[in-house]
Amino acid sequence: MTFFARRCESKTATVIVLAALLVLTGNACSNKNSPAPRDYGEIGGPSGTELAIVQVLQKDNGAEPQTLDPHRATGVPEGNILRDLYEPLVMEEPDGTLIPGAASGWTSSDEGLRYEFALRPDGRWSNGDPVTAHDFVFSMRRALDPATLSGYASILYPIKNAEEINHGEQPVENLGVRALDDYTLEILLRGPTPYFIGLLNHSMAYAVHPPSVLEHGDRFARAGNLVGNGAYVLKDWVVQSHIELTRNVRFRDNGDTTIDTVFYHALENSDAVFKRYRADEIDLTQGIPSKQFKWIRTNMADEYVQSAYLGSYYYGLNVTRPPFKGQPGLRRALSMAIDREIITEKLSGAGELPAYGWIPPVQGYEPQRPEWAEWTREERHAEAKRQYAEAGYSDRKPLVVEILYNTSQDHKRIAIAISSMWKQVLGIQTRLLNQEWKVFLQTRATRFTTEAFRAGWIGDYNDAYTFAELLYSNNEQNDPGWVNADYDRLLTAASMERDLEKRARLMEQAERILLDETPLIPIYFYVSKHLVKPWVGGFVPNIMDHVYTKDLYILKH
Amino acid sequence: MDGGAARLDAHAHTAQNRTMLSFAFRRFLSAIPTLLILIALAFALIRVAPGGPFDTEKQIPPEIEARLNEAYHLDEPLYQQFGRYLTGLAQGDFGPSFQYKDFTVTELIAAGFPVSLKLGGLAMLLALLVGISVGTLAALRQNSRTDHVAMAAAMTGISIPNFVLAPLLVLLFAVTLRWLPAGGLGDGSLINLVLPVISLALPQIAYIARLTRGSMIEVLRSDFIRTARAQGLPGREIILGHALKPAMLPIVSYLGPATAGIITGSVVIEQIFGVPGLGRYFVQGALNRDYTLVMGVVVFYGVLIIMFNFLVDLAYRWLDPRVKL
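These protein sequences, in sequence, are chains E and R. Residue numbering for the first sequence follows this note's numbering, starting at 244 and increasing by one per position. Residue numbering for the second sequence follows this note's numbering, starting at 10 and increasing by one per position.
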């Protein structure tokens, strides 16, 4: 019997569970006022387009969020919930297109160095206070204040004096953010930043409600204290279990919100998530257990949604110590010997894109590939052997190298595949070493013992720079320890360049240097993977993997 | 009874009370160094583990990390941090959580303990009820088919680890049959605890059943039971009124280890079922290097186990006055 047949039989049970939840959340009455369904285009589900009476969404959210303070949050689980709680100046369409949010519009002048935002006069905090330009000034100062202890402050450094303030060299009052009047916000930049509007969608640029932050201090982001300007408000927070949000009736666009209550479940284990999804306790997952991929493809194909995601999976090579120090030829040989297609098709097998360049497909950027990426497998292997021999290695004197990865079945399978490819093509002897996550992070960052190591990077905003800057010589994230003056020079030039075309060309030139030097080996570009119940409507995958509950709705089922 | 005897009896009573009090006092004093050693060990062990609370995929700039270390006093020498921790502890303050920045450890323990207590308490209750009944039944029908089946089941229960058993139960009762929730606390109703409680109790049921059976068989063979039988007392009265109490002695002394077993078991079970109790905090705290949270759970459970063992000793004495404390 297939899973689908079983699910239909149990519809009543689901309704009962949902009804119980409804009674619990005390929302039974407000549901009758649910607005008519918007025109969402084609939607599936057993009942077509009719909305369910109970609009409750159960979302898997990965790890427990560390905080709901937007200026101190750093991870994906936090970001998912914060998107429902706050409305930034710039919002996103379901497909990720940037649209006006708390600001109804903006103009830029002074060759992109000055922005003026018009705030909506009907913007309201969840306690009824108007959302003003002063709130954004307060919030951006707070985000950059060294006392806030934000780990992500650097993302706002394009704002004038932001970096100096965050380093404690200037008072927060000097920040290039001013309220011209209650509803007009001015932001000055230190240099042209083509992706600046996109940055304003990041939680570091969210406004927090000044009076409640001042009143509650470190505890302002708790249920009962948190005042937001988003579509939902924080109702309950049970650490290590779930976070419950309910509709913010004062949200300026409340009339277009359909779902009344959303639960974010803290679940680290994808197998547990999958079981709960199959038991109809979760409507929307953040990923799938990779072992179950084939089964899902066969049995739940129409519930599986996959799409390109702004991330790179790669192997770093520590260029500060042997055997990779001063050996670009050897590093290239290792890269050429890896058959990415085998890894993406046979191992991860979930539609990941084989990566030959470092920067994934992003807007306004021509993806770069090394010349050899176009060659046949035989040609690549021949050239890899040649460069390997040139570096002084042979069958008699093979390279012995260690691969370090964090403990996980998926990473292990890829490490084994890569080591056997290196062995087959070049005769390299590899040692596999796995470490628990925090141990791994420390080992990798200190660079004392690493040789080849696994890594991944998810872009902070939809622009090539969020990847390019990783290999900047003094970037904290530059785990290969690669220093290249030309690369740094090109990136600096790109960050000051006002012409978008020229800027892209500079970064493309930089990436070609990077690929030629090969301090890292790109393996594949990530995809986002979700299981979505047929009764969840309005879900549109996008490259940032940002989902707003206000865009979703529950169909009758 | 003459007056002298009554006086003697009263005297014995006060003497007994006095030994009881001095026993409690001695136990209390001996608990302090035990607890201190526990705290010092836990403190040292978690600091020995490589990696720190602020190591994340997105590395934070060194100057911010320095500020974080300063804010959480991680820049101080270890002995100073230990002193600071003990001082806080003496005032009932477990410190702030390194990972969950909006909460203190005291708040997290206050939120997680009731959940763990409910889960553990129900599991213990179930283990005792079922374990003792099955064990007694097996003892009464010694070497019968019932006995063999019960003991084979018990052996299986002891042998299967709960991290194997729990996912199997979920697959059967939640995913396939859809009778019970697969995880989480849901709306907080008891149905959500059925699978976690069973998974947690099964190994204990098995152990208690075997203990009861052995102990009950021994008691049933003793002289006073034979006397009772000879006097023609009904079987039920013999079992419930005379045999059960002495047969319970090994069970009572097993309560201490059983509690410890349920606590360690809950660390696994809470993780599997996503139950937000102290066990789950402990696992996540250790993975996240949330020093204060791990310490908090260790200290809290340490105190609890020491207290519980003390209560078990008292109960033991109550059941068998021959026991010297």
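The set of hints was computed from the structure by calculation and includes no laboratory data. The reader is advised that the hints may include incorrect statements.
[What the hints assert, rightly or not] Below, in silico cross-link-like pairs of lysine-lysine (BS3-like), each with a Cα-Cα straight-line distance of 27 Å or less:
no., chain 1, residue 1, chain 2, residue 2
1, E, 568, E, 681
2, E, 655, R, 110
3, E, 534, E, 403
4, R, 110, E, 681
5, E, 478, E, 537
6, E, 681, R, 127
7, R, 254, E, 478
8, R, 67, E, 403
9, R, 110, E, 478
10, E, 666, E, 628
11, E, 589, E, 640
Verification of the hints:
1. The straight-line distance between the Cα atoms of residue 568 of chain E and residue 681 of chain E is roughly 26 Å, inside the 27 Å bound, and the hint therefore holds.
2. About 33 Å separates the Cα atoms of residue 655 of chain E and residue 110 of chain R, which puts this hinted pair outside 27 Å; it is violated.
3. Using a Cα cut-off of 27 Å, the hinted pair residue 534 of chain E and residue 403 of chain E is violated, with the two alpha carbons roughly 48 Å apart.
4. A hinted pair counts as satisfied when its Cα atoms are at most 27 Å apart, and residue 110 of chain R with residue 681 of chain E qualifies at roughly 18 Å.
5. Of the supplied pair hints, the one linking residue 478 of chain E and residue 537 of chain E is violated, its CA atoms being roughly 38 Å apart against a limit of 27 Å.
6. A C-alpha spacing of about 32 Å is found between residue 681 of chain E and residue 127 of chain R, which places the hinted pair above 27 Å, so the restraint is violated.
7. With a C-alpha separation of about 51 Å, the suggested pair residue 254 of chain R and residue 478 of chain E falls outside the 27 Å cut-off, and the hint is violated.
8. Of the pairs offered as hints, the one joining residue 67 of chain R and residue 403 of chain E holds, with about 24 Å between alpha carbons and a cut-off of 27 Å not exceeded.
9. Between residue 110 of chain R and residue 478 of chain E, the direct Cα distance comes to roughly 18 Å. Compliance with the 27 Å bound is thereby established for this hinted pair.
10. Simply put, residue 666 of chain E and residue 628 of chain E have alpha-carbon atoms about 12 Å apart, close enough for the 27 Å limit, and the pair holds.
11. Straight-line distance between C-alpha atoms of residue 589 of chain E and residue 640 of chain E comes to about 31 Å, which puts the hinted pair past the 27 Å bound.
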